Amino acid sequence: MDVMKSTVEDGLRILREATEQAAQIRIELTDEYLALIAQVEAMPENQAGADKSWVARLLQWSTEHYAKATRRV
Amino acid sequence: MDLLAPLARALNEQQVRYVVIGVGGANYWSHTAGLVFATQDRDLFLPPDADNLVATWSVCEAAGFELWLLNEPLDRPRDRWLADRIIERRALTRATSPANLQIDLTLVMKGFDFDHVWREHRVFVIDGVEIPTARLLHIIESKHATGRDKDKLFLATHRDALEQLLKKPEEG
Numbered sequence: 001m002d003v004m005k006s007t008v009e010d011g012l013r014i015l016r017e018a019t020e021q022a023a024q025i026r027i028e029l030t031d032e033y034l035a036l037i038a039q040v041e042a043m044p045e046n047q048a049g050a051d052k053s054w055v056a057r058l059l060q061w062s063t064e065h066y067a068k069a070t071r072r073v
Numbered sequence: 074m075d076l077l078a079p080l081a082r083a084l085n086e087q088q089v090r091y092v093v094i095g096v097g098g099a100n101y102w103s104h105t106a107g108l109v110f111a112t113q114d115r116d117l118f119l120p121p122d123a124d125n126l127v128a129t130w131s132v133c134e135a136a137g138f139e140l141w142l143l144n145e146p147l148d149r150p151r152d153r154w155l156a157d158r159i160i161e162r163r164a165l166t167r168a169t170s171p172a173n174l175q176i177d178l179t180l181v182m183k184g185f186d187f188d189h190v191w192r193e194h195r196v197f198v199i200d201g202v203e204i205p206t207a208r209l210l211h212i213i214e215s216k217h218a219t220g221r222d223k224d225k226l227f228l229a230t231h232r233d234a235l236e237q238l239l240k241k242p243e244e245g
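Chains as they are written, first to last, in our numbering: chain C, 1 to 73; chain U, 74 to 245.
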């Protein structure tokens, strides 16, 4: 199995690029985006009292998964 | 069990007023895993009410959280006088748990006052505990108004995810 090699320099470069990219992003709350948000708010799954325990489980799984990650060189 | 739920239960029992905002709040509006964003933080928006703030601190301490102001432990006694000073400055206090959960207790939500957000909040349920959550629209508008790089990255990703999941294919 191929293993991706990474270095601290690679990681720093990726972070630098992400920061530069973020600074250039222009986000507008367009009518289209607002309509999508309204659609989400109106969903039956998002009415008062909706059970969102699955969201918590998913986040917990994700946190534990990435906490176990190790670097292979 | 969710890390926030036991604290939320205690806050609810003490009738503390708060709403979940930020990425953690936006996550609760997900109807599918594709809209859930990884985060270990939770942002609780509180009203500028000293008694409410003292009660929040007290519940956090009883639940084993440590309280911080900037990078220093929050001063003692954690009473109404201190809460008034914190509210005057609209300062953020932070609660951290041994389980590595970080909860920001904020008195500021850019572009909104607490009463507005509270009036339109929605209650979701996690592990049987009611979690008052700000409207998704308010969370998004506030992130847009704040405009930090991390907010812009979130908005770009969130908008893209919504488009992928909800937009009907073009007729052709």
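Do not take every clue at face value.
As the list claims (entries may be wrong) - Short, incomplete list of chain U residues facing chain C, as computed with Cβ under 10 Å:
#1 77
#2 181
#3 192
#4 240
To be verified - If you want the footprint, here are the derived chain C segments under chain U, 3+ residues with CB under 8 Å:
#5 7-17
#6 42-55
#7 59-71
If you are wondering where the hints come from, they were derived from the structure by calculation, not from laboratory data.
Keep in mind that this is a model prediction, so the values were computed, not measured.
Yeah, the Cβ is synthetic: ideal placement off N, Cα and C, and Gly gets one too.
- Taking each numbered hint in turn, which are not upheld by the structure, reported in ascending numerical order? 2, 3 and 5
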